[in-house]
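Peer 1: Protein chains in written order, with the working numbering: chain X, 1 to 141; chain D, 1 to 465; chain S, 1 to 573.
Possibly wrong hints are sitting among the right ones.
These stretches of chain X come out as covered by chain D in the derived footprint (C-beta under 8 Å, 3 or more residues) [as the list claims (entries may be wrong)]:
1. 10-16
2. 21-31
3. 75-84
4. 89-96
5. 102-114
6. 122-129
If you are wondering where the hints come from, they were derived from the structure by calculation, not from laboratory data.
Built from N, CA and C at the ideal position, the CB exists for glycine as well.
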Amino acid sequence: MANVIHLNMVTQRAVEEGEAMESGKTTQLYFDVCSVIEMNAEDIKALDINPNTVVKVTSECGEVIVKAIVARQTCPRGLCHIRQGVWANQVVPPRTQSTGEPQYSGFPVTVEPAPEARIVPAVELIQKACNKWNGQLLWPM
Amino acid sequence: MQETIKHVACPYCGACCDDLEITVEDGKILEVKNACIIGTEIYHHASREGRVGSPRRRQPDGTYKDITYEEAIDFTAKMLIKAKKPLIYGFGSTNCEGMAAAGRVAEDAGAVLDNCASICHGSSFLAIFDTGYPSCTLGEVKNRADVVIYWGSNPQHAHPRHLSRYGVFPRGYFTGKGYKGRKVIVVDPRYTDTARCADHFLQVQQGHDYELFDAFRMVMHGYADKIPEIVAGVPKDKILEVCEIIKGGRYVHIFFGMGLCHSDGRNHNVDIAINLVRDINEYTKCTIMAMRGHYNIAGPGIVWAWQFGFPYCIDLTKGSHAHMNPGETSSVDLANRGEVDAFINIGTDAGAHFPIRAFEKLGSGMPMVTIDPSVNMAATVSDVHIPVAIVGVETGGICYRMDNVPIQYRAVVPPYNGILTDEELFDRIYERMQELKKEGFTTDEGVWDYATPLADVRPVKEVYE
Amino acid sequence: MTEYIIKNGSVIDPTQGINAQKMDICIKDGKIVDSVSGNAKVIDAAGKTVMAGGVDIHSHVAGPKVDSGRLFRPEDKLFRSPMRKSNLRMEMGFSVPSVAKTGYDYARMGFSYVVEAAMPPLEASHVHEEIRDTPIIDESAMPVMANNWFLLEYFKNHEIENAGAYASWILNATRGFALKCVNPGGTEAWGWGLNCVTINDKVPYFDITPAQIVKGLIETNEYLQLPHSVHVHANNLGNPGNYTTTLDTLKLVEGYAPKSAFGRDQVMHHTHLQFHCYGGDSFKSSSFESKSKEVMDYVNKTKNLTIDTGNVTLDETTTMTADGPFEYHLTHLNHLKWTNVDVELETAAGVVPFVYDPKTYIAGAQWAIGLELALFAQDKERCFITTDHPNAGPFWRYPRVYKWLLSAKARNDVIENELKYGDKVVDTTYIGELSDKEISLYELAQMTRSGVAKALGVSHMYGSLKTGMNANVAVYDIDPENLPSDPEQYEAAFTNSFAFFKDGVLAVENNEIVNYSMPKKTVWVNSIVPENKQVERDIRDKFLKAYTVDLENYAVFDEHVHNPYAIKVDITQ
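Next up, chain X with everything else stripped away, as it sits in the complex (with noise of 0.2 Å):
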């Protein structure tokens, strides 16, 4: 039986992801490094899967799908890390506190296997949301 945890999810930068942005956030080089999941190896594990399995993380606003990972940089059991960036801001509820700022860090998110599933491109992602997709990727990765 697959399992579903529940994690405490934050967002921030990384090294990887700056580089990545810097060269296009339309690239090859910006979806493989920021559709993932870093996650503590224990929590991996309590999922039933192996490192690199595509999961789905769902929060109270929406869900996205990217793949686990062992975090790069030690992550604690419970909490888990989607580096900064659009597939991140499929999950991060807007609220803010009356601050002007997102929920970016700090917010409870479910994860579960979705092995079969398919990891979106950023574009179709954003155009997607803005109904403004029409059906091929404008820029190839």
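Start from chain X and add chains D and S according to the hints.
Peer 2: Structure of chains D and S alone, referenced to chain X:
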């Protein structure tokens, strides 16, 4: 002919390293020295195939067609005049000259003017409004500090040369022993690459920074015996040990980052950090600094403070005076509530960095212009994308480092395909707006003909109730 | 260019000894001329006072700490900013106005030239950016030098030529105007959380005293033959009993004579003296007292000194100074928010909001002391009116200060009706014994125009209506032959000039700003000294080891200095 340009300042992070050496030939960048991996990538990106060399207009089928600058400027000027409450947001990658020019446009258009601090160190501004900001320039840390604390920030990833240039490793005037003479303390929920450089790592429970600060303040006020055995996941002994190091320091400095601003508590986390600094000053010299993200994200706060008196979230729609009230006039909240009717995304990427539930309302229901050198996520859903010269690569200008020190940037190659700078673009938008107004163009020109309304925008409220 | 004739005004110009004489002032091509053609536009100034454009010797109007004050005080804008006037930019802020309000308000008051009082050299390009965006007025900025590591080391070894070569380099690199001295040594001590409160306290590590620093700066200034003298804010500002430190500092001028081709007589200008004239040992009314007379007695008899007042205006304001330890002290007194910036190798700055509440004894006493200085001054060409904007009050309150000086009635009205502890203030200050003293409009012109320009060494450019001068002319709704019985009319007239010309362009007409797009100047001093290899080496060395910016990015690039106007001083000739 090959030429090496020295003392070039880097347009990536708030550390604003100004010692880069760039080798160029025939307007192409060949080699980058001294920069971190991200900075290096910026320069190479500028010379790569596939740059956008002209403004582009989105077509009904979703493809883009090149248009002239005149057409793009006309579109933007009309959009600004017609809109009742346009939002001009971004300025993470713009020089101050561009920000000043944009301020004039926004005032004339009656727009809301906001910058990336709104989703970044905006909470720090709120704390500074309440408590002040006992800070210093980075050279003070380099030359004097013997205790350095990184709290909720991970410069090894976000400001890769920060530790070597300012915070940990450099040998300064009174710090001749370099890192051997400094005690480095890192507070973070994750054992980050920055934490690996620390003498003491305090693994705070995510979202519980306020409690840990509170414990520190209790120690500083002489109530060490009153704090519990474990605070926010950190043992009391460790807290006491670190407090002793702080009290024994000659010069203590705290760098804080997004870990405080993005978590529950927001400005209150920063507020108590600043109050801790005030407390520590009773024992020894102590200063604090926000780890500002972009190379010139301190800039708009500074430029607009002298133009309007406010650093961000500036509502100019009243026409008579500026008004700031984060939570009400902040970009994400305006988007959440669907309160704006046109959007300019400049020098940032709201598409990638706003929560999608906020961005989808900007990206779908109103005319939108993206001003950015590259194709970013916002550009892929904009009605018009106007490329501009890359600051620090193709144009110079003044940018403010994270410690608010102005750094003078240099151009190393001419703008690609003769594209305009931000300042030139905004000045031309302003001039076009004046022409249009003289011609009698007003707000009441009917409904939008270029916006595609989105039928199924989910109100945020429903989603998280 | 348009010609103008200001007809039938009562002209007051101390530089020509003209006191309320009915005459015409002619303007052509930006200059004051003897006559103009019949096509000249006529400004009818009958029954009005005509003066040269005002000159402000000390005002914090542009730069990092001013902007910190704006940024961290949103409450300074809320409900306290005027509504925007048509065709002007928004005017935001009360005590620390936005740059647009700064330029407009100075123009409304008829001021043409303002000297920004403290520019950290490292952040010079910030100052110049704000100057670019400030409309109408000409500006200069003084780099702060008294806690600069280079100078501390040179002064310790008494190497004045090296100090001169370095100071000259700084003036050129920052496009600066004069050498500013703020809490000599004390601000460097603040780097370690310490201070120097007498002129003999040792500066930590550098092993030098404030007295040595001030003397070193005087000698350096005269070696460089600069237009202005060294501009001093002494140690121990704002503390009860500090007048002894002030006198000790002032006495350092003894034995020095000015060496400058620009006409000044002083070797030291001491700024905002009000903050430095306190007796007693606490802020209690039983102890605190005015020592303005003691200090002014010395100033009056010492010809190589000039001062400005730093008048408290009884407002809520924002204090800001390069005296870092003082602001830390202040936040402990009033428990309001505190901003601080220590600037590497050079200086520091602090910013704290402050309320000069007429309901407190101390604000009343400070108010009195500031006015006493101006009233005690025997030579009005050596005493200038400022509010140390925004420290003792915002600059646009100058007209209120003028009112208190021009009218004893207005002053006594404050003591009787506005101050809660007026009697105690009279007991502990000299304001009572000055209760019938008033200054004249002529003296006012000396204290805001001719004297100021002379002390700054710019009397060839500002503060005069002589033929050939730049046409900076203000016309006020005051008739010197029929002075107003209601002192409020002074304040109203000086707040909103009837007309104001900036470089021959009509900026204010019928009490409204009609033009703010005229060119404005950034006045700086291009100091030229003999080549000095030692100093060049020292500079390279410090930038290599201690600064966090590259030497090549330190000096302000030409493109970031706007409308520069250089005053050249070459000591190699």
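Peer 1: Each of the hints needs a verdict: does it hold here or not?
Peer 2: We went through each hint and held it up to the structure:
Taking a C-beta to C-beta cut-off of 8 Å, the region 10-16 of chain X contributes 6 residues in contact with chain D, enough for the three needed, and the coverage statement holds. Beta-carbon proximity to chain D at under 8 Å applies to 6 residues in the region 21-31 of chain X; the threshold of 3 is reached and the given coverage holds. Only residues whose C-beta sits within less than 8 Å of a C-beta in chain D count toward coverage, and the region 75-84 of chain X has 5 of them, enough to reach three; the restraint holds. Counting residues of the region 89-96 of chain X whose C-beta lies closer than 8 Å to any C-beta of chain D gives 7; at least three are required, and the coverage claim holds.
For the region 102-114 of chain X, the assignment as covered by chain D holds, since 5 residues bring a beta-carbon within under 8 Å of that chain's beta-carbons and 3 suffice. Proximity of the region 122-129 of chain X to chain D, defined as three or more residues with a beta carbon under 8 Å from a beta carbon of that chain, is established by the 6 residues found.
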